[in-house]
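Keeping the supplied structure of chain A fixed, place chain B upon it in accordance with the hints.
Here the protein sequences line up with chains A and B, keeping their order.
Sequential numbering of the first sequence, starting at 3, is according to my numbering.
Sequential numbering of the second sequence, starting at 39, is according to my numbering.
There may be inaccurate statements among the hints.
No more than 27 Å apart at the CA atoms, straight line, and that leaves these computed lysine-lysine pairs for BS3-like [as the list claims (entries may be wrong)]:
#1 A:Lys158 - A:Lys33
#2 A:Lys158 - A:Lys116
#3 A:Lys144 - A:Lys172
#4 A:Lys116 - A:Lys133
#5 A:Lys172 - A:Lys133
#6 A:Lys22 - B:Lys408
#7 B:Lys326 - A:Lys22
#8 A:Lys116 - A:Lys144
#9 A:Lys144 - B:Lys326
I should point out that these hints are in silico values taken from the structure, not numbers from a laboratory.
From a predicted model like this one, the values you see are computed outputs, not experimental measurements.
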Amino acid sequence: MNDHDFVIDVSGIAKRFGDKTVVNGIDLQVKRGEIYGFLGPNGSGKTTFIRMLCGLLTPDAGRGTCLGFDVLSQQAEIKRQVGYMTQRFSYYEDLTIAENLDFIARVYAVPDRKAVVDRSLERLGLKNRRKQLAGELSGGWKQRLALAACLIHSPKLLLLDEPTAGVDPKARRDFWDEIHGLAADGLTVLITTHYMDEAERCHQLAYLAYGTLLTQGTVREVVASAALTTWSVAGPGLRELAVKLRQLDGIEQVVAFGTTLHVSGRDAAQLESAIQQLRDDRHQWTKIQAGLEDVFISLMGESKDNFA
Amino acid sequence: MRRFTPHRLWAVVIKEFIQMRRDRVTFGMMVGIPLMQLMLFGFAINSDPRQLPTAVRMADDGPFARTLVAAMQHSEYFNIIRTTATEAETQQLLQLGEVQFVVNIPVDFSRQLLRGERPALLVEADATDPAAVGPAVSALRAVADSVLDRDLKGPLAALRVSQSPIELRLHAHYNPENITQYNVVPGLLGVVLTMTMVVITALAITRERERGTMENLLATPVRPFEVMLGKIIPYIVVGYIQLSLILLAAHFIFQVPLVGSVTLLYLVAFLFIAANLAVGITFSTLAKNQLQAVQMAFFFFLPSILLSGFMFPFRGMPEWAQWVGTCLPNTHFLRIVRGILLKGNGFTEIIPELWPLLLFLTIAMTIGVKRYRQTLD
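Extracted from the complex, chain A is given alone in its bound form (with noise of 0.2 Å):
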């Protein structure tokens, strides 16, 4: 295997924090221009994960690279390729959008400084406000504002941590298609997400709970890989129902969606003879696709048992 094929090639990436295990052997490869998304429940790590990974962290156990460079020894030269962007929005709030980028610009040495700054601007529809102070940006603008930062040193990888989080629809549409059609031009994108229509936007997948990686790849194959059966009920009452399928064996969760139930679970024989019991006229039953949202709320439960 050749260091051109994957940007990030990890394994066994561990941390530790005291005596609590935050990220546990995380193994991980990403090829150049794939859009990595990450899930998982908050607190399962994904943060400390991404902080190792652009060298802000030392990893406890484990070793590979990023962008060809080791882990473990190189991150000054990790640092200068990766783009990093904090879940919080961390610029300053008392420079100006303009003065920001320039800060940037100028702690990567990036050479031709003004006319980058000013294209980046341009770009991402901020020029007219570039005199304007960072924190007086609403939630959207101030995500432009950080994601061109983090692109002005034109890194090769980029790290996204929650980055829509707070953001409205429009915004957040805008925001993946730019990442879409940087990943086009080549740039590896890996993003920590808690919106669904967001991890389906991705080419690979990975989910994280409790510090364990607990299944990846395509969003079919996740979808595929969890085996995962799910009936869609509507019809009166559905509080009162869905409080007795609870109760039933085989039946692993049942979630309202809207006025519909959805009722799954991963053995399909023991799931439709426990809804065969239930099942009466007024209620209209369909089989339906599980959803990634049904997967991962399955995979959640399942490694919360595990950790009892």
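Coordinates of chain B only, in the frame set by chain A:
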């Protein structure tokens, strides 16, 4: 790429300057604090108080007694607000704190004087503030000696007091007139610099961490040392502005003599400013938030103002306090400043105070850099 690079340092310096300019309140504080302290300490605090309210109990109304009272008034130490004959009244005045002194002129003052019997002059002082008593009493002794000397002439010359019962001779070097400002204003240099330098740097770095911008900064190729230095340099500039403000005020407002080399003072001040900044950085690595950083800064500031010899005479403090004082950079800087400005000390004379400053700077810088870690773990 572990090397230090000036362009990254420069990036941080520029950023700090912009942020400093935007933060109007802090910026105002950096100029306002030296000015306010100058006014407070320069004008309001006076360890050689004059015009102290005084009552005189005149049991003798002779010419010598009257001359003495007039001379006291002239000395400016005493403001004679009441002349009375009854002891009860003077006691009440003292009790109520309306007068600082009661001077009792005995019944046969003039006659005893003429007979050469050395009359006793009883001075009762309200000694609740001893600092206010000392200078005035010695002034009174001098007044009495010289005034009576002058009046006893011609045939009375024989009665001149050839020698006082206690010979008291006071030589006040460098500040013969005991002008408090000569002592306080140069001392303020150290106090103001300690206060602003420690607080502002401690805040500047803690704020970066509190707002989450430190994580971002550390994810860039900026070396920790570059961040630290980039944050220090703008404040060194601020420190020199404060230094200049105080020196200007000292010279033009308080007429403090600048005997020694101001250039030497500017050079030495660099060590002191850097030492305080290093303390600020060390605090910022210990503090979890900006409030804690300010609290720690005050923890350092209080001994710096109280035990350095700024507030109270250093030699008057108990030994343990002198030891604490010796460990503080402000103590040595105060001696250097007073030495240069008032005594005209040159480089060789200030060496004994220079190396402790240097030692302090080295230790504080080492701890600061060690604690200030690159990664978040």
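Now the hints, each set against the structure:
Between Lys158 of chain A and Lys33 of chain A, the direct Cα distance comes to roughly 12 Å. Compliance with the 27 Å bound is thereby established for this hinted pair. Between Lys158 of chain A and Lys116 of chain A the CA atoms are separated by roughly 21 Å; this keeps the pair inside 27 Å, and the hint holds. Note on Lys144 of chain A and Lys172 of chain A: the hinted pairing holds, with a Cα-Cα distance of about 15 Å set against a maximum of 27 Å. Note on Lys116 of chain A and Lys133 of chain A: the hinted pairing holds, with a Cα-Cα distance of about 15 Å set against a maximum of 27 Å.
Using a Cα cut-off of 27 Å, the hinted pair Lys172 of chain A and Lys133 of chain A holds, with the two alpha carbons roughly 24 Å apart. Taking the CA atoms of Lys22 of chain A and Lys408 of chain B, the gap is near 26 Å; set against the 27 Å cutoff, the hint holds. For the suggested pair Lys326 of chain B and Lys22 of chain A, the alpha carbons sit about 22 Å apart, so the restraint of at most 27 Å is met. With a C-alpha separation of about 21 Å, the suggested pairing of Lys116 of chain A with Lys144 of chain A holds against the 27 Å cut-off.
Between Lys144 of chain A and Lys326 of chain B, the direct Cα distance comes to roughly 26 Å. Compliance with the 27 Å bound is thereby established for this hinted pair.
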